Amino acid sequence: KQEVTQIPAALSVPEGENLVLNCSFTDSAIYNLQWFRQDPGKGLTSLLLIQSSQREQTSGRLNASLDKSSGRSTLYIAASQPGDSATYLCAVGTNAGGTSYGKLTFGQGTILTVHP
Amino acid sequence: KAGVTQTPRYLIKTRGQQVTLSCSPISGHRSVSWYQQTPGQGLQFLFEYFSETQRNKGNFPGRFSGRQFSNSRSEMNVSTLELGDSALYLCASSLRWSDATNEKLFFGSGTQLSVL
Chain A
1 KQEVTQIPAA LSVPEGENLV LNCSFTDSAI YNLQWFRQDP GKGLTSLLLI QSSQREQTSG
61 RLNASLDKSS GRSTLYIAAS QPGDSATYLC AVGTNAGGTS YGKLTFGQGT ILTVHP
Chain B
1 KAGVTQTPRY LIKTRGQQVT LSCSPISGHR SVSWYQQTPG QGLQFLFEYF SETQRNKGNF
61 PGRFSGRQFS NSRSEMNVST LELGDSALYL CASSLRWSDA TNEKLFFGSG TQLSVL
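Chains as they are written, first to last, in my numbering: chain A, 1 to 116; chain B, 1 to 116.
With the rest of the complex left out, here is chain A (with noise of 0.2 Å):
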C-alpha cells in the first residue's frame, strides 16, 4: 500500500527566503507525482506534474524534483513571498494492475507561511 510523507509538517520563514519542501514514497512504482497548493478552504490548484520517466519539473520560482528509487521529491520555492503562504501537498499515482484510474495517493501537506 502506497504511503506519502511530508515534512516539515509546517514551516515559517521570511519573505525572500529560499525554501524546500520534502515529499517522500514507499512504493516506487509511481507513474507520476503531482504537488499541488491548497488555500484555506478551498480546493487544490495543481503546480506541477512529474512524470516517472522525468527528473524535474519548474514552473516560474517553483522547481520540483523527482528521484524514484528513493521514493523522493523535493519542492524548492525561490525568494518566497507572503502570497506563497498556503497548504502544499505531494501526490503520486501509483500503479496497480489497472485500477488507478482518478486515484492519487495524498501527503498530509505541508504548511507555508511567509511573513512580511
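I should point out that these hints are in silico values taken from the structure, not numbers from a laboratory.
Some clues are possibly wrong.
[To be verified] Here are the simulated DSSO-like cross-link-like pairs (lysine-lysine), alpha carbons at most 30 Å apart as the crow flies:
| hint | chain 1 | residue 1 | chain 2 | residue 2 |
| --- | --- | --- | --- | --- |
| 1 | A | Lys68 | B | Lys104 |
| 2 | B | Lys13 | B | Lys57 |
| 3 | B | Lys57 | A | Lys68 |
| 4 | A | Lys1 | B | Lys13 |
| 5 | B | Lys104 | A | Lys1 |
| 6 | B | Lys104 | B | Lys57 |
| 7 | A | Lys68 | A | Lys1 |
| 8 | A | Lys1 | A | Lys42 |
| 9 | A | Lys68 | B | Lys13 |
| 10 | A | Lys42 | B | Lys104 |
| 11 | B | Lys57 | A | Lys1 |
[Stated by the list, open to error] Take a look, some chain B residues computed to stay more than 10 Å from chain A by CB distance:
| hint | residue |
| --- | --- |
| 12 | Val4 |
| 13 | Ile26 |
| 14 | Ser27 |
| 15 | Ser33 |
| 16 | Phe60 |
| 17 | Asn77 |
| 18 | Lys104 |
In this text the structure is predicted, and so the values were computed from the model without any measurement.
Virtual Cβ for every residue (Gly too), placed ideally from N, Cα, C.
Chain A is fixed; fit chain B onto it per the hints.
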C-alpha cells in the same frame, strides 16, 4: 474556460439523513474523481467515473455512492450520515485518465459537509 464547479458550497445535516453533492467537470473532461478531506485522515480517494461507469473505488463503506451522467456531470450520495462523515468533499476532473496517465487533476472548491 470554466473550472470544476461543485454545489452546494456548504451543507449542514443531522445524523441519519442522506445528502447529494454535485460536480460539473471542466468542459471536455470525461473523468471525474471524488475525494474526502478531513483534518485527521487528509485526502482520501472515494471513486472515479468515466463515461458513466465507475472504474475505481476507494475503501469507503457502501453508504458512499456516486454516479455520472451522459454530460459527464457527477453526483455523490452519502446515506445514513454519521458524525464522522463531516468533511470537505472534493471533486476533480481530467480528460480521460487512462491508466498510468500523465494528466493533471483539476479540483473544484469542494463542498463542506457538517453532520450534527
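Comparing the hints with the structure gives:
no.	hint	in the structure
1	A:Lys68 x B:Lys104	holds, 19 Å
2	B:Lys13 x B:Lys57	holds, 25 Å
3	B:Lys57 x A:Lys68	holds, 26 Å
4	A:Lys1 x B:Lys13	violated, 33 Å
5	B:Lys104 x A:Lys1	holds, 22 Å
6	B:Lys104 x B:Lys57	holds, 19 Å
7	A:Lys68 x A:Lys1	holds, 16 Å
8	A:Lys1 x A:Lys42	holds, 28 Å
9	A:Lys68 x B:Lys13	violated, 44 Å
10	A:Lys42 x B:Lys104	holds, 18 Å
11	B:Lys57 x A:Lys1	holds, 15 Å
12	Val4	violated, 7 Å
13	Ile26	holds, 12 Å
14	Ser27	holds, 17 Å
15	Ser33	violated, 3 Å
16	Phe60	holds, 12 Å
17	Asn77	holds, 18 Å
18	Lys104	violated, 5 Å
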